[in-house]
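Chemist: Sequence:
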Amino acid sequence: MKDKRILYVSSEVVPYLPETEISSMSFEAPRMVNKQGGQIRIFMPRFGNINERRHQLHEVIRLSGINLVINDLDMPLIIKVASIPKERIQVYFIDNEEYFKRKATLTDENGKLFSDNDERAIFFAKGVIETVKKLNWAPDIIHVNGWLASLLPLYLKEFYKTEPLFTESKIVTSVYNQSFEGTLDKSMLSKVSFDGIGAEATKPLEQPDYVNLMKIAIDNSDAIIRGSEELPKELDAYINDLTKPVLDYHSIEEFADPYTEFYNNTVLNS
1 MKDKRILYVS SEVVPYLPET EISSMSFEAP RMVNKQGGQI RIFMPRFGNI
51 NERRHQLHEV IRLSGINLVI NDLDMPLIIK VASIPKERIQ VYFIDNEEYF
101 KRKATLTDEN GKLFSDNDER AIFFAKGVIE TVKKLNWAPD IIHVNGWLAS
151 LLPLYLKEFY KTEPLFTESK IVTSVYNQSF EGTLDKSMLS KVSFDGIGAE
201 ATKPLEQPDY VNLMKIAIDN SDAIIRGSEE LPKELDAYIN DLTKPVLDYH
251 SIEEFADPYT EFYNNTVLNS
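Mind the numbering: the sequence shown is residues 1 to 270 in full-length UniProt numbering, read in order.
Treat the hints as calculated values from the structure; they're not laboratory data. Idealized CB from N, CA, C, for every residue including glycine. Hints may contain errors.
[Unchecked claim] Straight-line distance between alpha carbons at most 27 Å, and here's what the computed DSS-like set of lysine-lysine pairs gives:
(1) K35 with K80
(2) K191 with K161
(3) K244 with K203
(4) K35 with K133
(5) K134 with K157
(6) K161 with K244
(7) K233 with K203
(8) K186 with K112
(9) K4 with K157
(10) K133 with K157
(11) K157 with K186
(12) K161 with K133
(13) K215 with K203
(14) K244 with K157
[As the list claims (entries may be wrong)] Have a look at the derived ranges for each label pair, beta carbon to beta carbon:
(15) Q39 with S251: 21 to 31 Å
(16) N71 with Q207: 17 to 27 Å
(17) T260 with Q207: 29 to 39 Å
(18) S64 with L242: 31 to 41 Å
Construct the entire structure; sequences and hints are all you get.
Modeler: Laid out in structure tokens, this is it:
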């Protein structure tokens with residue numbers, strides 16, 4: 001992976017949030033590429049339960065300050081950054097007072113999804129892309145983890161399809177078993193359509209549940225990784241029917257060689 005540029009976009013990363021399948025792999029995969037001499041960038045949301053003082057987050061003024069239009073509203077984008085101790089890895093945090101200040105991630109204290117998770121997903125996708133544009137950093141691979149990041153492939157393929165920085169970028173989505181009950185806001189489709197993204201590309205969002213969000217990500221990716229040993233049956237069948245490259249599940253103890261080979265020999269050559 002020497003000198004290859006990989007952008008990791010994840011809803012959660014250790015040590016900033018508790019250990020899960022997603023947060024652990026979103027740390028271990030970049031660390032692996034970093035050790036192999038690759039160039040990496042990691043992006044995640046700056047949830048309000050991330051301790052800024054302990055993790056030494058600080059705002060990057062030159063990257064902050066632009067507004068993102070979400071459903072016809074201007075929402076200020078704030079970019080913060082921190083370094084993972086001992087790893088020499090920087091993590092960029094997408095922040096906004098309205099969307100990410102509350103002291104929780106995706107649900108309230110009763111486990112109920114936040115009503116604006118759909119807008120947070122749109123904001124996160126746009127915020128990552130706009131920040132990478134400001135960095136003028138063209139990734140060879142963009143690796144997506146977690147359903148809050150699931151709109152990123154769609155926006156890259158549709159809303160930003162004429163952006164030259166990403167012309168050669170290959171998109172990989174890892175699909176996990178970390179889902180949610182019910183659906184996001186039913187008006188999510190109209191909010192994405194507001195950005196001029198066509199009906200055919202957004203059809204699964206008529207029912208914005210976990211499976212359909214992941215189908216949106218899968219449809220707009222160049223390759224797929226099974227991030228969990230077991231997946232929801234409908235997603236499992238959907239992946240089985242794909243003609244694009246799929247890497248089967250590998251545990252965190254044994255993923256390094258298969259991921260490296262998949263990146264180098266399959267994704268970059270697809």
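Chemist: Could you run down the list of hints and mark each one as holding or not?
Modeler: Hint check:
no., hint, in the structure
1, K35 with K80, "holds (24 Å)"
2, K191 with K161, "holds (19 Å)"
3, K244 with K203, "holds (20 Å)"
4, K35 with K133, "holds (25 Å)"
5, K134 with K157, "holds (19 Å)"
6, K161 with K244, "holds (20 Å)"
7, K233 with K203, "holds (20 Å)"
8, K186 with K112, "holds (15 Å)"
9, K4 with K157, "holds (21 Å)"
10, K133 with K157, "holds (15 Å)"
11, K157 with K186, "holds (23 Å)"
12, K161 with K133, "holds (13 Å)"
13, K215 with K203, "holds (10 Å)"
14, K244 with K157, "holds (16 Å)"
15, Q39 with S251: 21 to 31 Å, "holds (26 Å)"
16, N71 with Q207: 17 to 27 Å, "holds (19 Å)"
17, T260 with Q207: 29 to 39 Å, "holds (37 Å)"
18, S64 with L242: 31 to 41 Å, "holds (38 Å)"
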